[in-house]
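Novice: This is what each chain is made of:
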Amino acid sequence: MAFLPQSRGRTFGAKIAACLALGVAVCATLAYAAETQIFDPKTRKWVEYDRKKARSYYAAHKQVPEAFRRQIVKFRTAEKPGTIIIDGNQHFLYLVQPDFTAIRYGIGVGREGFGWAGMVKVGRTAEWPTWTPPAEMVARDPNARKWAGGQPGGPDNPLGARALYLYQGDQDTIYRIHGTPEPWTIGLDVSSGCIRMNNDDITDLHSRVAVGAKVIVLMQGASLYKGV
Amino acid sequence: MSNAFAPGSPFRIAPNRNRAAMLATLLATMQVVGCQSSGPAPDTVRNTGQTAPADLQLTCASAAATPLGVDSAAVLPVSSSQLDAQTFQVVLESGGARANCIVDTSGNVISVQKV
Numbered sequence: 011m012a013f014l015p016q017s018r019g020r021t022f023g024a025k026i027a028a029c030l031a032l033g034v035a036v037c038a039t040l041a042y043a044a045e046t047q048i049f050d051p052k053t054r055k056w057v058e059y060d061r062k063k064a065r066s067y068y069a070a071h072k073q074v075p076e077a078f079r080r081q082i083v084k085f086r087t088a089e090k091p092g093t094i095i096i097d098g099n100q101h102f103l104y105l106v107q108p109d110f111t112a113i114r115y116g117i118g119v120g121r122e123g124f125g126w127a128g129m130v131k132v133g134r135t136a137e138w139p140t141w142t143p144p145a146e147m148v149a150r151d152p153n154a155r156k157w158a159g160g161q162p163g164g165p166d167n168p169l170g171a172r173a174l175y176l177y178q179g180d181q182d183t184i185y186r187i188h189g190t191p192e193p194w195t196i197g198l199d200v201s202s203g204c205i206r207m208n209n210d211d212i213t214d215l216h217s218r219v220a221v222g223a224k225v226i227v228l229m230q231g232a233s234l235y236k237g238v
Numbered sequence: 359m360s361n362a363f364a365p366g367s368p369f370r371i372a373p374n375r376n377r378a379a380m381l382a383t384l385l386a387t388m389q390v391v392g393c394q395s396s397g398p399a400p401d402t403v404r405n406t407g408q409t410a411p412a413d414l415q416l417t418c419a420s421a422a423a424t425p426l427g428v429d430s431a432a433v434l435p436v437s438s439s440q441l442d443a444q445t446f447q448v449v450l451e452s453g454g455a456r457a458n459c460i461v462d463t464s465g466n467v468i469s470v471q472k473v
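Quick mapping for you: the protein sequence lines, in order, are chains A and B.
Per the working numbering, the first sequence starts with residue 11, numbered consecutively.
Per the working numbering, the second sequence starts with residue 359, numbered consecutively.
By construction, these hints were calculated from the structure, which means they are not laboratory data.
Treat the hints with caution; some may be incorrect.
Under the rule of at most 27 angstroms between Cα atoms (straight-line distance), these lysine-lysine pairs were calculated in the DSS-like manner [as the list claims (entries may be wrong)]:
id	chain 1	residue 1	chain 2	residue 2
1	A	K72	A	K52
2	A	K224	A	K131
3	A	K224	B	K472
4	A	K52	A	K62
5	A	K131	A	K84
6	B	K472	A	K90
Far from chain B, by Cβ distances over 12 angstroms, these chain A residues were calculated [as the list claims (entries may be wrong)]:
id	residue
7	R65
8	A127
9	A136
10	R218
It should be emphasised that the depicted structure is a prediction, and the values quoted were computed from it without experimental measurement.
Where is the CB? At the ideal position from N, CA and C, for every residue including glycine.
One chain only, chain A, in its complex shape (with noise of 0.2 angstroms):
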């Protein structure tokens, strides 16, 4: 079951073409007016934690605030073991693990796109897998025209170190969740439209993981679903 999606300004077919096209991530709604923030300790105040933001603080810090960091959380579910809970307005992804327990990811998801909520699973997964730019992205982008075929996998490859393929029964839904070379845009609703983890976590992730896992992902923003 999946709930697709709200066009905002591209019509629908495009998004998903680009998708495609970009082979990447879950894209999802993130056009609501929250923000994420930090506290600041020098001027005691919260500030947004926006692209700069995140990149100076991993810049001091060589990782992304603690909060977004890997970790073992409660978690109140009646979801059996291994299954993923993806909630894209916190950028948490959520493993279940037994005792009312889960293993918490932070994640990147995309700035622009469409709201999706669903129930879909883990159809298969890769490792360091391939990508291939969307036409529309070789035709302006000298540096994406060499990858035109494909880029292979790598640590400069996007989808970073690992890739799992989102299902719906036999159907490849086309969303993905992967790793990235950009460890700093945890955290941020970057603008590639796509969700993503840093390749650490996603490498662990991928390793608890069994294909036909279960994933649930919660629909973004606070009010912003209108019907199927």
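Let chain A serve as the given structure and place chain B on it in line with the hints.
Specialist: Chain B alone, transformed into the frame defined by chain A:
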């Protein structure tokens, strides 16, 4: 054996003063520490959207299965918001049918109604 701290001894006042001074210092220190420890820890992050935590949304999904007449695996949270410091509202959907759920921060479902 003389007792310098015996009642009536001139030495008794000084220790009491010291104790009072120490107590005052301790209280003052506690106040300062208390002031310093108020507020978020450095580098704490938050989201201003105030949606319900994921596990509370799933709790509501389970609770809504009966009024919606479906299996809980078919119920999906589609929106949520904070009502007050202790409660969240979660809207759930299954096959076009919707339900509203109120859940508190402890995971207790206060109400669930098909809409």
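Novice: Give a verdict on every hint.
Specialist: Okay, the hints, checked on the actual structure:
1. At most 27 angstroms may separate the alpha-carbon atoms for a hinted pair to count; A:K72 and A:K52 meet this at roughly 19 angstroms.
2. A distance of roughly 4 angstroms separates the Cα atoms of A:K224 and A:K131; the hinted pair therefore holds under the 27 angstroms criterion.
3. Annotation: proposed proximity of A:K224 to B:K472 holds, straight-line Cα distance about 26 angstroms (limit 27 angstroms).
4. With a C-alpha separation of about 17 angstroms, the suggested pair A:K52 and A:K62 falls inside the 27 angstroms cut-off, and the hint holds.
5. Of the supplied pair hints, the one linking A:K131 and A:K84 holds, its CA atoms being roughly 23 angstroms apart against a limit of 27 angstroms.
6. The suggested pairing of B:K472 with A:K90 holds, with an alpha-carbon distance near 26 angstroms, which does not exceed 27 angstroms.
7. Annotated as non-interface, A:R65 keeps its C-beta farther than 12 angstroms from every C-beta of chain B; the closest such distance is 15 angstroms.
8. Not every CB of chain B lies more than 12 angstroms from the CB of A:A127, the least distance being 6 angstroms, so the non-interface label is violated.
9. A cut-off of 12 angstroms between C-beta atoms confirms that A:A136 is not in contact with chain B; the least separation is 26 angstroms.
10. At roughly 18 angstroms, the least C-beta separation between A:R218 and chain B is larger than 12 angstroms, which holds for a residue marked as non-interface.
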